[in-house]
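S.K.: Chain residues, written in single-letter form:
Protein chains: 2
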Amino acid sequence: MSAVRPSRRGVLTSAAVVGAAGIGAGVSAVASRPAAAGSPTASRTVPFHGTRQAGVTTPAQDSLVFAALDVTTKRAGDLADVLQRWSAAAATMTTGVPVGGPGGLGGAGDEPPQDTGEAHELPAANLTVTLGYGPSLFDERFGLADRRPAALEELPALPGEQLDPTKVGGDLCLQACADDPQVAFHAVRNLVRIGRGTVRVRWMQLGFGRTSTTSTTQSTPRNLMGFKDGTANLRAEDTADLEKFVWVGGQGAPAADQDWMRGGTYLVARRIRMLIESWDRASLGEQERVIGRAKESGAPLSGTQEFDALDLDKTVHGKPAIDVAAHVRLAAPDTNGGVKMLRRGYSYTDGLDVATGQLDAGLFFIVFGNDPHQQFVPVQRRLGTHDALTEYLKHTGSGIFACPPGVQRDGAWGEGLFI
Amino acid sequence: MSAVRPSRRGVLTSAAVVGAAGIGAGVSAVASRPAAAGSPTASRTVPFHGTRQAGVTTPAQDSLVFAALDVTTKRAGDLADVLQRWSAAAATMTTGVPVGGPGGLGGAGDEPPQDTGEAHELPAANLTVTLGYGPSLFDERFGLADRRPAALEELPALPGEQLDPTKVGGDLCLQACADDPQVAFHAVRNLVRIGRGTVRVRWMQLGFGRTSTTSTTQSTPRNLMGFKDGTANLRAEDTADLEKFVWVGGQGAPAADQDWMRGGTYLVARRIRMLIESWDRASLGEQERVIGRAKESGAPLSGTQEFDALDLDKTVHGKPAIDVAAHVRLAAPDTNGGVKMLRRGYSYTDGLDVATGQLDAGLFFIVFGNDPHQQFVPVQRRLGTHDALTEYLKHTGSGIFACPPGVQRDGAWGEGLFI
Chain A
1 MSAVRPSRRG
11 VLTSAAVVGA
21 AGIGAGVSAV
31 ASRPAAAGSP
41 TASRTVPFHG
51 TRQAGVTTPA
61 QDSLVFAALD
71 VTTKRAGDLA
81 DVLQRWSAAA
91 ATMTTGVPVG
101 GPGGLGGAGD
111 EPPQDTGEAH
121 ELPAANLTVT
131 LGYGPSLFDE
141 RFGLADRRPA
151 ALEELPALPG
161 EQLDPTKVGG
171 DLCLQACADD
181 PQVAFHAVRN
191 LVRIGRGTVR
201 VRWMQLGFGR
211 TSTTSTTQST
221 PRNLMGFKDG
231 TANLRAEDTA
241 DLEKFVWVGG
251 QGAPAADQDW
261 MRGGTYLVAR
271 RIRMLIESWD
281 RASLGEQERV
291 IGRAKESGAP
301 LSGTQEFDAL
311 DLDKTVHGKP
321 AIDVAAHVRL
331 AAPDTNGGVK
341 MLRRGYSYTD
351 GLDVATGQLD
361 AGLFFIVFGN
371 DPHQQFVPVQ
381 RRLGTHDALT
391 EYLKHTGSGI
401 FACPPGVQRD
411 GAWGEGLFI
Chain B
1 MSAVRPSRRG
11 VLTSAAVVGA
21 AGIGAGVSAV
31 ASRPAAAGSP
41 TASRTVPFHG
51 TRQAGVTTPA
61 QDSLVFAALD
71 VTTKRAGDLA
81 DVLQRWSAAA
91 ATMTTGVPVG
101 GPGGLGGAGD
111 EPPQDTGEAH
121 ELPAANLTVT
131 LGYGPSLFDE
141 RFGLADRRPA
151 ALEELPALPG
161 EQLDPTKVGG
171 DLCLQACADD
181 PQVAFHAVRN
191 LVRIGRGTVR
201 VRWMQLGFGR
211 TSTTSTTQST
221 PRNLMGFKDG
231 TANLRAEDTA
241 DLEKFVWVGG
251 QGAPAADQDW
261 MRGGTYLVAR
271 RIRMLIESWD
281 RASLGEQERV
291 IGRAKESGAP
301 LSGTQEFDAL
311 DLDKTVHGKP
321 AIDVAAHVRL
331 AAPDTNGGVK
341 MLRRGYSYTD
351 GLDVATGQLD
361 AGLFFIVFGN
371 DPHQQFVPVQ
381 RRLGTHDALT
391 EYLKHTGSGI
401 FACPPGVQRD
411 GAWGEGLFI
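Chains as they are written, first to last, in full-length UniProt numbering: chain A, 1 to 419; chain B, 1 to 419.
Be careful, since some hints might not be right.
Derived Cβ-Cβ restraints for the label pairs, each shown as a range [what the hints assert, rightly or not]:
no. : chain 1 : residue 1 : chain 2 : residue 2 : range
1   : A       : ALA240    : B       : HIS49     : 53 to 59 Å
2   : A       : ASP139    : B       : SER283    : 19 to 25 Å
3   : A       : GLU140    : B       : GLY197    : 18 to 24 Å
4   : B       : GLU111    : A       : GLY357    : 21 to 27 Å
5   : A       : ARG281    : B       : ASP257    : 49 to 55 Å
6   : B       : SER283    : A       : ARG381    : 40 to 46 Å
Source of the hints: derived by calculation from the structure; they are not laboratory data. Fair warning: this is a prediction, and the values are worked out from it, not measured in the lab. Yeah, the Cβ is synthetic: ideal placement off N, Cα and C, and Gly gets one too.
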């Protein structure tokens with residue numbers, strides 16, 4: 001009764017090999033590596049160490065587990081210790097190896113195992129773990145008040161939001177992305193476990209399907225409104241725009257006001273519930289008018305192909321091809337002083353909203369930029385006021401976090417602040 | 001800026017082709033079909049029509065969306081209509097085609113689109129949709145009181161449960177399983193939408209990683225306790241045991257007391273929260289004693305290989321190799337009068353339990369059998385009383401449903417009862 005063919009997860013591993021090499025060139029890899037199915041080395045991995053944190057411009061993986069955490073200690077040294085242990089654990093897990101190394105599933109004597117085990121023998125699945133610091137971390141507790149970058153300020157109240165107080169803020173955030181949800185869950189669970197006694201989870205969100213593309217190697221996915229999402233997103237290949245709009249202190253960007261954030265970025269998370277029952281009652285014409293794109297092709301209503309540039313001036317029978325209140329018009333860089341951002345969104349559902357009897361589902365929107373109060377905030381203020389889409393959306397969760405630069409091979413998260 | 005390489009979902013499609021053909025033989029399929037990436041025909045599909053419902057012995061897919069629903073009409077004809085429309089929609093969606101056919105993403109005139117669109121261009125991903133009827137459907141509303149099979153009786157109170165009243169029961173259930181969570185979510189969402197005004201969701205659960213194997217073609221996955229789960233499960237290939245223990249009126253099984261259930265089966269769903277913080281503090285030795293298997297290999301503590309038969313009599317240094325309270329001992333058919341069941345479990349997490357500050361995560365346990373009150377109930381009563389694992393578990397959701405036989409090509413769910 002033993003397994004006689006590779007599991008789907010084994011197959012995924014092989015697919016990962018194909019993907020890494022490119023479909024055209026790498027097919028033989030599948031044939032030559034069946035024995036490697038399930039082995040971490042057969043999987044695609046994203047390096048944890050580097051000058052930037054992974055999980056920002058990394059091609060968006062399929063699954064997300066996002067956690068906002070509070071620090072429960074007042075001793076900076078305890079937090080520094082957790083950040084160092086987190087760095088070591090994240091570096092290990094992102095290679096598909098258990099916390100504590102290959103033997104982490106075991107345990108010495110009466111010690112509990114170092115790793116919880118549910119990702120054992122699964123491929124690394126492109127796991128990335130990205131750390132952010134919330135504004136509240138820079139209060140009086142750790143003497144960091146004068147180290148807070150000006151951009152790391154709590155978000156103001158914004159139109160269209162009805163925030164659930166249990167899904168707002170946090171001293172820290174961890175964003176785990178992977179092509180296998182079990183791998184992403186395992187990463188966050190194990191980091192939370194390592195931090196026990198020093199940090200605790202404040203809120204958490206799973207995302208089950210990516211809704212943006214962050215690389216030209218990816219096709220555009222659809223969100224729960226059924227529309228392609230992320231067509232006009234910044235991508236890893238847009239290096240000049242990333243310098244200007246995403247990386248702190250990048251070329252063409254405002255100067256960094258805190259040295260420790262140079263090469264980092266800011267993460268804004270918004271849990272955006274879609275009122276999908278109302279949306280589902282709208283006609284195709286209404287849906288397309290609201291978005292400003294064709295549902296099937298993703299083309300702007302001023303064009304014919306998904307990647308056609310928006311023509312905001314085009315009229316049809318005397319009316320704008322792209323409605324004045326269309327989402328793509330109001331979100332377009334051209335109508336927002338040229339502002340661009342890097343989105344990394346995921347669909348979510350938390351099942352039934354017992355209060356309303358409707359599905360609690362939508363978009364967990366993550367956006368990276370080097371100046372969120374000049375990027376996300378004004379755009380969202382405008383969308384929340386004028387966007388035709390707003391009547392179908394409700395922002396229910398929110399957070400802003402400073403993601404420091406990457407960790408060098410001999411380094412750790414927390415350097416420049418705690419270490 | 002157009003996509004120049006297939007997305008991971010495209011790659012998955014190719015992987016599906018490899019999987020279907022077997023790694024050794026089918027590699028050329030990848031090379032010859034890159035253009036098919038994203039096309040429904042490139043994906044593996046599970047036939048909706050047949051003498052049995054799919055989603056029972058179908059090799060367990062990676063993702064689950066489970067919904068329990070209540071009927072809000074008192075007119076049997078309305079419900080029959082929904083069941084017929086559900087059958088047509090499920091048959092379409094399981095081939096990777098939108099509700100309403102290939103044009104379902106559009107909409108005639110001012111009509112809303114028939115399909116919500118988020119699975120458009122995704123492969124069918126082995127989608128199965130399985131329907132069940134709850135005991136409450138056989139009350140006085142539809143005149144079905146004398147059509148209720150004796151086995152479809154509400155579950156009694158069981159030890160180890162602390163049921164959340166918002167996650168119990170239901171007139172109907174829909175189990176959607178697929179290798180892409182977006183495909184499974186899309187299926188349930190669209191069926192719920194079709195049923196609006198006649199049925200409404202009572203509770204819902206997502207499962208993100210399968211925790212059993214239902215076919216010898218699959219390797220054994222790990223649950224959130226880090227242990228291999230489902231090693232001793234019934235499998236699709238165990239045809240004689242399936243007749244005897246799973247299919248109603250099967251060979252060697254008790255006779256069917258209701259004709260309409262012949263060839264069907266009963267589904268018991270249990271939302272089993274794992275107290276993972278406590279579990280994570282237990283030593284490896286304690287964890288293995290509680291389960292009765294080695295964590296790394298999955299071998300019973302009386303043996304050396306995962307698929308070794310349990311030797312419940314074996315002693316080591318005068319003590320039982322498999323502890324008297326070990327889960328595998330108490331769940332084993334040999335200690336339960338030979339009872340076997342077909343499990344289809346999924347890991348779940350619903351994020352933070354705000355009340356306790358701990359993760360709400362565990363196992364969404366689905367089990368099929370032709371006599372649940374003689375199979376699941378006595379085994380669970382025994383486990384809940386004596387099993388060492390019980391101190392780490394809490395059953396928080398529950399339901400029992402009668403899954404009728406399969407739908408023929410010209411037929412529909414509801415036949416024999418409403419149609």
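S.K.: Just pull the numbers of the violated hints for me, sorted ascending.
M.R.: 2, 3, 5 and 6
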